[in-house]
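Peer 1: Construct all of the structure, not just a fragment, from the sequences and the given hints.
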Amino acid sequence: MKPAIAVVEVHGTYKVHTEFHANPAARKTIILVNGSLSTTASFAQTVKYLGTRFNVVLFDQPYAGASRAHNRNDRLISKEDEAAILLELIEYYGAQYLMAFSWGGISSMLALAKRPATLEKAVFASFSPILNEAMLDYLSRALVCLSEEDCDQVGHLVNDTIGKYLPSLFKRYNHKHISRLSAHEYRQMNAHIHQVLRMEAHCRLDCLGNIDMPLLFINGEHDQYTSPADARLFAPHLPNCQFATVRNAGHFIDVEHKGAWLQTQNTLLDFLQSSVGSNRYTRAHGLQPAMAV
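Numbering (our numbering), first residue to last: 871 to 1163.
It is possible that part of the hints are untrue.
[To be verified] In silico DSS-like links for lysine-lysine, alpha-carbon gap of 27 Å or less:
1. K872 to K1128
2. K1046 to K1034
3. K1046 to K898
[To be verified] Simulated restraints, written as ranges between beta carbons of each label pair:
4. T988 to R945: 22 to 32 Å
5. D1076 to A911: 27 to 37 Å
6. I875 to P1109: 16 to 26 Å
Derived by calculation from the structure, the hints in this document are not laboratory data.
C-beta atoms are modelled at their ideal positions from N, C-alpha and C, and glycine is treated no differently.
Peer 2: Set out below in structure tokens:
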């Protein structure tokens, strides 16, 4: 079934392309938040399993993908702007669940701190609260490529670092997509990197005390950039968080190989459908035990 397409106007400022994948039997709706430089297409594998249980909402930021043509894109958007857009979409679709991937976690954390009324649980994939040495090296190299407007090298950089465990087909798609982005998207990426580097950490730790819903952090075993150990640094700051590690996976946990896809699928579905505090999902497929605090 094809998704229902809508262009949602946010605060009279932005027009956001959305896709609503309806499941007639579903009672809950989950909204997915893209990582940097990505579009709704990046969640193609994720929708396959989430769509069996939930209604699924995808969207492109105003400067990206199918949203770009609907906006003037004459100004740069901050992570706080992205959080405001996300809050509007959560309310518009009445979403109960949220899943954010990688840098989508920054705006998602800022949005959750506002305690959106309908939201019940959230999942953060390939995300951590700090910029570790590997991530800082990746960002510094990205800034060089962006300053030189070397689109080809940006694509190679992504595939050689955070995307190094991707199958060759996905690497080709990644490079084709990234090397053909608009000049405004590269400026936006540049601005986001500088904004994150100015933060005390990868996300605003000072806002985490406002988040009390159940959260799951899921990271790839071999992800050097947002490692499972780094993700666990969230534990002292969040009252209700759990952690899981996908074996033999890097940063792109559910597209690198079938085993990682199955582990991610079972972990997410069991967490979202289980009662609060249940750790059954950690025993499935040999996942590392969750640590709840």
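Peer 1: Each hint: holds or not?
Peer 2: Each hint, compared with the structure:
1. K872 to K1128: 24 Å, holds
2. K1046 to K1034: 16 Å, holds
3. K1046 to K898: Distance of about 35 Å is beyond 27 Å: violated.
4. T988 to R945: 22 to 32 Å: About 30 Å separates the Cβ atoms of T988 and R945, which means 22 to 32 Å holds.
5. D1076 to A911: 27 to 37 Å: 34 Å, holds
6. I875 to P1109: 16 to 26 Å: Taking Cβ atoms as reference, I875 and P1109 lie about 38 Å apart, which means the hint is violated.
The structure shown violates the earlier hints numbered 3, 6.
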